[in-house]
Each structure stands twice: as structure tokens, then as C-alpha cells.
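As they're listed, the protein sequences go chains A and B.
Each residue of the first sequence is one higher than the one before, counting from 8 in the working numbering.
Each residue of the second sequence is one higher than the one before, counting from 2 in the working numbering.
It is worth saying that the hints were derived from the structure and are not from the lab.
Misleading hints may appear alongside valid ones.
Claimed, not checked - Cross-link-like lysine to aspartate or glutamate pairs, in silico, DMTMM-like; alpha carbons within 20 Å at most: (1) A:Lys253 / A:Glu212; (2) B:Lys98 / B:Asp148; (3) A:Lys100 / A:Glu111; (4) B:Lys98 / A:Glu111; (5) B:Lys14 / A:Asp284; (6) B:Lys76 / B:Glu3; (7) A:Lys100 / B:Asp105; (8) A:Lys79 / A:Glu212; (9) B:Lys29 / B:Glu3; (10) B:Lys77 / A:Glu111; (11) B:Lys22 / B:Glu3; (12) B:Lys77 / B:Asp162; (13) B:Lys174 / B:Asp215; (14) B:Lys227 / B:Asp243; (15) A:Lys281 / A:Glu111; (16) A:Lys23 / B:Asp125; (17) B:Lys104 / A:Glu111; (18) A:Lys253 / A:Asp154; (19) B:Lys248 / B:Asp191; (20) B:Lys29 / B:Asp162; (21) A:Lys110 / B:Asp105; (22) B:Lys77 / B:Asp125; (23) A:Lys100 / B:Asp191; (24) A:Lys204 / A:Glu224; (25) B:Lys285 / B:Glu194; (26) B:Lys14 / B:Asp125; (27) B:Lys57 / A:Asp144; (28) B:Lys285 / B:Glu236; (29) B:Lys174 / B:Asp162; (30) B:Lys76 / A:Glu212; (31) B:Lys110 / B:Glu83; (32) A:Lys109 / B:Asp105; (33) B:Lys22 / A:Asp284; (34) B:Lys14 / B:Glu3; (35) B:Lys30 / B:Glu83; (36) B:Lys283 / B:Asp243.
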Amino acid sequence: MLRLLNIEFQKLRYNKAAKVISITYFVLITFIALIASIEFNFAGVKFRIADQGIFNFPYIWHFNTYIASWSKLFLAIVIVSMMANEYSHRTLKQNLIDGLSKKEFIASKFLTVGVFALISTLFLFIVSLILGISFSDYNEFSIIVSDLEYILAYFIKLIGFFAFCMFLGIFVKRSAFALGFLFIWWIIENIVYALLKFKLFKGTEIADQIVQFFPLESMNNLINEPFTRLNFIQSAANQLGESFQKDYAVHWYEIVIVLVWTVIFLNLSYRLLKKRDL
Amino acid sequence: MENILTLNNLTKKFGPITAVKDLSFTIKKGNVYGILGPNGSGKSTTLGIVLNVVNKTSGNFTWFDGNTSTHNALKKVGAIIERPNFYPYMTAAQNLKLVCQIKDVPSHKIEEKLEIVGLLDRKDSKFRTFSLGMKQRLAIASALLNDPEILILDEPTNGLDPQGIHQIREIIKKIASQGTTILLASHLLDEVEKVCSHVVIIRKGVKLYSGRVDEMNASYGFFELKSNQNSVLKEWLSKHNDFKSFKEEDGKITAFLTNELDAESLNRQLFNEGIVLTHIVKRKESLEEQFLQLTNNLN
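So here's chain B without its partners, still in its complex pose (with noise of 0.2 Å):
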């Protein structure tokens, strides 16, 4: 598959704080990454090396396989870094039409991609008397006048109400079901569990997983288990080998898987022991819990 952006060993000092540390990874065209990872963990400072506002420390990046070099690699890409930056002064429109001149695209996909986000009506109003959520959406048409390879996105959610945020996801989601491939940044877990296919996942500058969002813990689950005999189910549980460990709160047993085991057969056996369960659901950890696990081994 087409690489479309690699990073060796990238590394950013800002003085004597290590901003990114030797930060390698690969991004392949078609797929939905997420840059992952709490509030000063490098992101926006590796997304900033990577677009040419930031100037690395040492290590390389390239855009394309290296056949380009990052300016003209730019004009191929949509990006929206932390806040949009546009002319308060130029109307939306006016202000993609400035975008079109710097990525030298023709400006006649402007009232397309205004549709797109929702701002036809508005394409002559000044930038300066949007809200927020508007801004958001002007940066993301901007971003896609190009029709880019790769849609850079940083915190596109950051500081818009719950409605604003509904829209941006929106927006993604058709976005990406067209084949665009997506790095979307951003420190919230959901969003990028319910957006992205493969996650990098930063802490501190240091890489701890990039990989698949379904690989990136080998686990096989849990079940969540109720019984009016929890005492029993406990005994039971301890000798089955299927399971590495398990615990009890609120009279809710929660047990490890350590094999492939669906809920149905577990049922089955455990009724043909005797033990009639009230609760069965099997599940996995979300993202937020092996994303904690994953920080935590580390400590």
C-alpha cells in the first residue's frame, strides 16, 4: 500500500523539555489514523513538524515517499491545526479563494466544499462574525479544496458544544466513507474509537502502540457475570483455565478471558454445572481502558 507520510525517530527540544521524542511511524493511504494522547503529549507539536511550522530537533520525516519535497507535498494535503486562522477581515468565500491561490487549485470547488460544511448561506459574511463551531467548519472546507490525499486534523472538536461537535464528526465520517485518509489528533478517546481504523498513541513525546484500534490489546475480553450462587460460580471459575483472573463488586462478577470463549458455550456449561446466571454480557475493554493500561504499564 502507498506510504503516504513516514516519520523516523523524530525528535523536538524546546530547550530542555523533550517535546517528541524519536517518534517513528508510518501512515498508509486509505486508512482512518488517530494520533492519541493526553494534553502536551506531543501531538500538535508532531503534526506541526510534519506541516512545516515546526522545525525539527533531528530525525526525518517524508511526505509521499520522498518524492516531493514538503511544500509542494503540502499543497496535496488539508490540514487544520488547533484553531482556524483566517483573514477576520475577507469573507469565507474570499478567504478559500486565497487558500485555492496558495495551493494553486482552481476556486471553482469553493461553493461545493461550503456545502459540504454547512456555510453556503453564509460565504459572504466575514470570517471575523463567525462563531466557533463555524470557524471549525470553514477550516475543514478549506481543507478539502484541494480534494486532499490525507486530512490532517487537530483537536477539531476542541472547545465547540455538543452540537458543533455532533456536525464535526459528522462531516468526518462522510469524509472518510469517500476513502480519504484521515490523521485526526485529538485527547479524546471516544472520538477516536468511533472514527479511526489504526491509532498512535503518545505519551510524554515517547510512542507506547501504533497498530490497529481492534489489536491493540491482545485480549479476549471479559465476561460480566451474575449468579444467585456467586460463591459457587467463583469456585467454578478459579479451576476453568479459560479464565487468568476475575473480581468481585457489588455482587457483579467480572472475569478475564485468557482463550476464545463466546457467551453462549460459557452459558451452556455453566448451566450444565448447576449454576443459573441473572446477568451475562460479554465484553471488551474499550478504548479508554486499555489506553489507561497501556499508560499505566509504563509507569
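Isolated chain A (complex conformation) (with noise of 0.2 Å):
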């Protein structure tokens, strides 16, 4: 296994367009503590952000995770060009040949995945931590603990989202096709959702009962958005005769309809492998 991922870090560590991309993500992770700082004018009131409880623990959980998703698109240039290249370069083949197997090659660049995921999580985690210790208006331990689930959530998302564009890269065999690809999957699934949910099926929750275990929507599901969660977003909406009645919580049958969508695509990716000619 240390076999399998030094090989592929060795692929990375002199590849510099990968090595800036990680940087940016990391350091854009780090860039949500800048949230704290923003300041404005509302109405004459003086209105700063870390001040409106976003992050309390253990909302900072929450709120952190889906923020922190959104970059997770900078890792998957990195990842679907690290399984595209290998096609460009025609260095599959010879890896091949050098006496790898196909399995090998999925599994290296699995765990690889599996390390930029688990590095992110830790990273996301840390970053919160400090974050919440020095915004937050309670600090038990007890509370601090609370809602961890977000955190596991973050990290099957990326670990789904990045099989994915494993996938998709192996599939496509060109980086910017396979980024474009995934980009359309992204309207397709979104299409499709706006016909179930407006055309077949108008006015009931069947449309999100099935939209719910396609393969982005169900990631998506995983950490659903924070914002209307906060207090004075709350009390805006409650001004307006609206309430939010909304499942926020983590669903261990969204943790597996995303790591049975995990499987698949590595699963795919390996007969893929198996079957073409090089």
C-alpha cells in the first residue's frame, strides 16, 4: 500500500500545475477565517458577520463543511487530470508494462484520493477548531464535540465527488473534456430534476425522493445549505410570515447512497481499464 502510494506521489510531486492547484486549495480553505472580518453598513447598524453566530459551535460544523466543499473543485482538476494525463502521456501503458497491474493503478490513485480527502478533513477540522475557539459564544466541551457528523459528512463528499472525477477522467481520457463532462452531468442531473419536480410529478416530494440518489445531487445532499439555519436570517424570514422547515441533519442513508456510488465508480474505472486496448 506504501508501494502504491509513493509511486503516485513521485507522479505528483514534480508535476507543478498540480502542486499550485493543491496550494490554492488549502490556502482558499484557510481564506474562510477572512469571513470573520467582513464588516458593513446595514440600515446604520454595524453589522459584522462573525458577530451573527456563524461561528458558534456547533454550527461552525456545519456551516464550515459546505463552505469548505465548494473548493473541493480545485482538487478535482488535479485529480481528473492526474488519471487524464496518464492516457495523454501514454504512461499507463508503460506503467503497465513496467509490471503494475490494473488493479494496482486504480487502487494507487484511489488512496491517493483517499489521502487528499483525508488531508482536507483534517485540515477543514483544525482550521474550524481555531476558528470556533476564538468566535464562538460557547466553549464546552460538550458542545464543542456536537455535530462532528458534518466533519465524517465532508469527508465521505469528497471521497464520492472524487471517485467521480476518477472515473470521469479515466472514462473521457482528456482532463479539460472530462471537466467539461462533469460539468454536464451537473445540468443534466439538474434537468432532470426540474422535469420531475415541475412537469411529472408538480407539487409533491417524488421528484426529490429519486433526484436524492443521483450521483452529485446525492453528495450535494450530504451537508444541505447552512444559511437558512441563522438565527437572524430566521428572524428576517419570520418578519415576512415565513418559516423554514428544514431536515439539516446528516442521514446514514445519504452516507451510503454515496459510498454505493463510491464503489461503482471504481468499480467502472477497473473494468474500463480492463477492457480497453492500449
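Assemble the dimeric complex from its two separately framed chains, guided by the hints.
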């Protein structure tokens, strides 16, 4: 296992583009802290984001995992190109000739993806912990460690998404087209959702129940948007006579759906690799 | 002798096209083999199958008498296929280090192998800055990293300039002289003739011949003769049953042997008959002529 990780690390280590994007990714996560310093005047009232409770434990776990998961797109570029480059440099062929089995090849890529996800999760955990301790109104240990399932959900979300990227890289063989395909896939899921929601099953919840099984949507579902949970948003909504009844929790079946997709994508990648002549 | 690679009725179809058809041969340790065939005859496909990058349609092959899985066997093999494939953003040494990790061998041999192919002074240059000849030499260095039991080379001199071709051939000869088994695929006949002891000839995926290069044609060779009395000479040849046929071109008579006969005794016999030769050469068919004969016979 260490050998496989070493092989992949050796490939990435000297790749300037991959290095720059990975560093950018981690820098971006730390920039969540910058939200703390946002200040603006609203109808003569001085308004500071950090004071609105977004950095309160345990809400911060939800908020930060949601915000940070946007930056996963940066790592998606690295992952897609690390797969597709093996085709365009024809090094996949050389790797196999040199004695790497196809299974080992997929394993070395997926292990790397797992390490990326793990480091991101740990990194985010530490950043959130520091931010929380500095700004949170509640610092009791029991409150700090509650709602930590968002961190787990974040990890699963990254794993699932990166497995999808891996598959696309192998399937399309060209990084730019694979990223394009990812975007198209996202649009397709949304169009299907819109069709189901507003045409086929108008006014019911059936559409949402179907769509939660789609790959990208299932990853999205893991961490719901946290904004409507904020106090000041809720009170604003209340004044307008509206209230949000939403389920923000991370459910076990949501995790299972994403894990099933991860297994499917890995399996498809392996089969594709096995079937293709190079 | 130990078998390194055995192919049994290997077949590969690309859709309706059969690239390799029922191919069987055995590679034994210590010999230098050539796979000879025109472009598109299935050489690279055959090598691709045994190297685990092309899926076979039917048949089977075994490495090292079937004692190990293909990908583990490949760790004991050094191979370059068509053109050199390395990571362009990595230096020569970094690329070789990666190969060491894949092959599970220590990386202290990198410099030694770079020395063999004459790239030691460029070891810290990025792969993308290399010329084709240098890339090809780096590929050979990479194939040698594990001190392979067999070195497989697919068209190693393709696309190189004469100097590059010469360098590569010198390297191959040097490696062959150290006792490494070599399998060389080529469409260049003189290349195979110069380097190989055994040859497998394929055309359109079908094996035409496999065996020693010098036993390829059970021929005793032929004489090229010139004399001022060509008509007497021809009459003598037609009566003599050591010769199966002869032909005359531009005053030069080519006579094909049916038995072993050396130039000295032929010369003596003819002189005794009163025929004085002005030109006598004994030759064997070149591989090219034999190859053309073989491929034509099957037409």
C-alpha cells in the first residue's frame, strides 16, 4: 500500500500545475477565516458577520464544511488530470509494461484520492476548531464535539466526488473534456430534477426522493445549505411571515448512497481499464 | 533450456480484423530473437498482449513456465514499445526512480544504467527537452533497471537518424553479449540479421517461420560466375546435378546449388574442363531474399 502511494506521490510531486492547485485549495480553506473580518453597514447598523453566530459551536461544523466543499472543484482538476494525463502521456501503458497491475493502478490512484480527502478533512477540522475557539459564544467541550457528523459527511462527500472525477478522467481520457463532462453531468441532473419536480410530479415530494439517488445530488444532500439555519436569517424570515422547516441533519442513508456510488465508480473505472486495449 | 515465454494459439481480433491469428512460439533463455514482419503484421499487437496492455481474444501465453502472474513476471522483464513514454515534466533520473518503485527494485542502479546508454550527463534534464534518440536511449536504460531476464524491444530504431540507429544497435549488441535474452521486433531485415540468432516471421498475423536464422531456408546457397566462355559454362552447368537451376543476367551467371559444394572445388573442376572463370563468388541468400521467398511462397 505504501508502495502504491509512493508511486503516485512521485508522479504528483514534480507536477507544477498539480502542486500550485493543491496549495491554492488549502489556502482557500484557510480563507474561510477571512469571513470573520467582513463588516458592513446595513441601514446605519454596523454589521459584523463573525458576530452573527456563524462561528458558534456546533453550527460552525455545518457552516465550514458546507463552504469548504465548494473548493473541492480545485482538487477535482488535479484528480481528473492525474487520470487523464496517464492516457495523454501514454504512461499508463508504460506503467503496466513495467509491472504495475491494472488493479494496483486504480488502487494507487484511489489511495491518493483518499489521502487528499483525509488531509482536507483534518485541515478543515483544525481550521474550524481554531476559528470556533476564537469566536464561538459557547466553548464547553460537550458543545464543541456535538454535530461532528458534518466532518464525517464532508470526508464521505469528498471521497465520493473524487471517485466520480477519477472515473471521468479514465472514461474521457482528456482532462479538459472530463471537466466539461462533469459540468454537463451537473446540468443534466438539474434539468432532470426540474422536469420531475415541475412537470411529471408537480406539487409532490416524489421528485426529491428520486433525485437524491443521483450521484452529484446525493453528494450535495450530505451537507444541506446552512444559511437558513442562522438566527438573523430566520428572524428576518419570521418578520416576513415565512418560516423554514428544513431537515439539516446528516442521515445514514445519505452516507450509504454516496458510498455505493463510490464503489460503483471504482468498479466502473477498473472494468473500463481492463476492457480497453492501450 | 529454460522457457521464458510461451505463446499458445494466441489470437487477437479488432472488430472484423484479425490482427494475430493462432500464433504459437517459444522464447528460450539466452537467445536473441527477432520478430520480423511488414508494418501492420501484428508484431506490436503480439507484444502488447504478452505485456498486459492488449487483451487477447483467445489462446494463452505463459511467462517463465507459468510460475508467476503476468504483472509479477513483467517486473523481471524490460520492455519498450513503439515510442518512449515518460512523464514529460520529470527529469530522466526522476522518471527512472518511478520505474524502480513500480518494479520494486532499489534505485541505486539508475546512474549505472544511464551511463550504459550515455545519458549520465543529462540525468537532471527534463524528459520533454530530450531528442527522440535520447528518449529512446532513456527507454532502454529504464528497461534495464531491473537487470531483466529478457529485454523486449519494439522497433527500437524507428524514426532515428543514422547516428541514433547506430548508437541503439551498439547498445543492443552490448547487452546481448552479456547473455541477456532479447526479443526484437522489427520490419528492418538487416537489423534482425545483424543482431538475432533466432527469428519468428509473421505476416498478417500468421506465423510463417520460426527457428534459427541460418536454418531458415534449407538452401546451400548459390554461385555467381563469369567467364569468357559463358555458353560452354552454361552447358556444363546444365549437365551437372549439383545445380538445380541457373540464370544469366548481364553476362553474370547465377547458379543455385542442390548439394554442398565449395568454391575451390568448383573452380578446379571447371578449370579441368577447360573453362576459365573471370569471376566466382559463393553466397547464401540474404535474410531479405529468404524473407521475400517465404512471403511469396504463401501468396
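Hints and how they fare:
1. Pair hint lysine 253 (chain A) plus glutamate 212 (chain A) holds up; C-alpha atoms about 13 Å apart against a cutoff of 20 Å.
2. Only pairs whose Cα atoms come within 20 Å are accepted, and lysine 98 (chain B) paired with aspartate 148 (chain B) is accepted, the gap being roughly 15 Å.
3. With a C-alpha separation of about 13 Å, the suggested pairing of lysine 100 (chain A) with glutamate 111 (chain A) holds against the 20 Å cut-off.
4. Simply put, lysine 98 (chain B) and glutamate 111 (chain A) have alpha-carbon atoms about 18 Å apart, close enough for the 20 Å limit, and the pair holds.
5. For a cut-off of 20 Å, the pair hint linking lysine 14 (chain B) to aspartate 284 (chain A) stands: about 11 Å separates their Cα positions.
6. Taking the CA atoms of lysine 76 (chain B) and glutamate 3 (chain B), the gap is near 18 Å; set against the 20 Å cutoff, the hint holds.
7. For the given pair, lysine 100 (chain A) sits about 18 Å from aspartate 105 (chain B) by alpha-carbon distance, which is consistent with the 20 Å threshold.
8. Among the hinted pairs, lysine 79 (chain A) with glutamate 212 (chain A) is inconsistent with the structure: their alpha-carbon atoms are about 29 Å apart, more than 20 Å.
9. Proposed proximity of lysine 29 (chain B) and glutamate 3 (chain B) is supported: the alpha carbons are some 6 Å apart, at most 20 Å.
10. Between lysine 77 (chain B) and glutamate 111 (chain A) the CA atoms are separated by roughly 17 Å; this keeps the pair inside 20 Å, and the hint holds.
11. Using a Cα cut-off of 20 Å, the hinted pair lysine 22 (chain B) and glutamate 3 (chain B) is violated, with the two alpha carbons roughly 26 Å apart.
12. Between lysine 77 (chain B) and aspartate 162 (chain B) the alpha-carbon distance is near 31 Å, which puts this suggested pair outside the 20 Å criterion.
13. Distance restraint check for lysine 174 (chain B) and aspartate 215 (chain B): the Cα-Cα separation of roughly 18 Å lies within the 20 Å cut-off, and the hinted pair is therefore satisfied.
14. Of the pairs offered as hints, the one joining lysine 227 (chain B) and aspartate 243 (chain B) holds, with about 18 Å between alpha carbons and a cut-off of 20 Å not exceeded.
15. Of the supplied pair hints, the one linking lysine 281 (chain A) and glutamate 111 (chain A) holds, its CA atoms being roughly 12 Å apart against a limit of 20 Å.
16. Under the criterion of a C-alpha separation no larger than 20 Å, the hint pairing lysine 23 (chain A) with aspartate 125 (chain B) is consistent with the structure, at around 16 Å.
17. For the proposed pair lysine 104 (chain B) and glutamate 111 (chain A), the alpha carbon gap of about 12 Å is at most 20 Å, so the pair holds.
18. With a C-alpha separation of about 16 Å, the suggested pair lysine 253 (chain A) and aspartate 154 (chain A) falls inside the 20 Å cut-off, and the hint holds.
19. Straight-line distance between C-alpha atoms of lysine 248 (chain B) and aspartate 191 (chain B) comes to about 26 Å, which puts the hinted pair past the 20 Å bound.
20. The straight-line distance between the Cα atoms of lysine 29 (chain B) and aspartate 162 (chain B) is roughly 32 Å, outside the 20 Å bound, and the hint therefore fails.
21. Note on lysine 110 (chain A) and aspartate 105 (chain B): the hinted pairing holds, with a Cα-Cα distance of about 16 Å set against a maximum of 20 Å.
22. Under the criterion of a C-alpha separation no larger than 20 Å, the hint pairing lysine 77 (chain B) with aspartate 125 (chain B) is inconsistent with the structure, at around 27 Å.
23. The hinted pair formed by lysine 100 (chain A) and aspartate 191 (chain B) fails the criterion: a straight-line CA distance of about 29 Å is larger than 20 Å.
24. Using a Cα cut-off of 20 Å, the hinted pair lysine 204 (chain A) and glutamate 224 (chain A) holds, with the two alpha carbons roughly 14 Å apart.
25. Distance check on the hinted pair: lysine 285 (chain B) and glutamate 194 (chain B) sit about 13 Å apart at the alpha-carbon level, within 20 Å; holds.
26. Of the supplied pair hints, the one linking lysine 14 (chain B) and aspartate 125 (chain B) is violated, its CA atoms being roughly 43 Å apart against a limit of 20 Å.
27. Of the pairs offered as hints, the one joining lysine 57 (chain B) and aspartate 144 (chain A) is violated, with about 66 Å between alpha carbons and a cut-off of 20 Å exceeded.
28. With a C-alpha separation of about 23 Å, the suggested pairing of lysine 285 (chain B) with glutamate 236 (chain B) is violated against the 20 Å cut-off.
29. Simply put, lysine 174 (chain B) and aspartate 162 (chain B) have alpha-carbon atoms about 18 Å apart, close enough for the 20 Å limit, and the pair holds.
30. Straight-line distance between C-alpha atoms of lysine 76 (chain B) and glutamate 212 (chain A) comes to about 56 Å, which puts the hinted pair past the 20 Å bound.
31. With a C-alpha separation of about 24 Å, the suggested pair lysine 110 (chain B) and glutamate 83 (chain B) falls outside the 20 Å cut-off, and the hint is violated.
32. Between lysine 109 (chain A) and aspartate 105 (chain B) the alpha-carbon distance is near 16 Å, which keeps this suggested pair within the 20 Å criterion.
33. At most 20 Å may separate the alpha-carbon atoms for a hinted pair to count; lysine 22 (chain B) and aspartate 284 (chain A) meet this at roughly 17 Å.
34. For the proposed pair lysine 14 (chain B) and glutamate 3 (chain B), the alpha carbon gap of about 30 Å is over 20 Å, so the pair is violated.
35. Simply put, lysine 30 (chain B) and glutamate 83 (chain B) have alpha-carbon atoms about 24 Å apart, too far for the 20 Å limit, and the pair is violated.
36. A threshold of 20 Å between alpha carbons decides the hint, and for lysine 283 (chain B) with aspartate 243 (chain B) the separation of about 14 Å falls inside it, so the pair holds.
Of the numbered hints given earlier, the model fails hints 8, 11, 12, 19, 20, 22, 23, 26, 27, 28, 30, 31, 34 and 35; all others are met.
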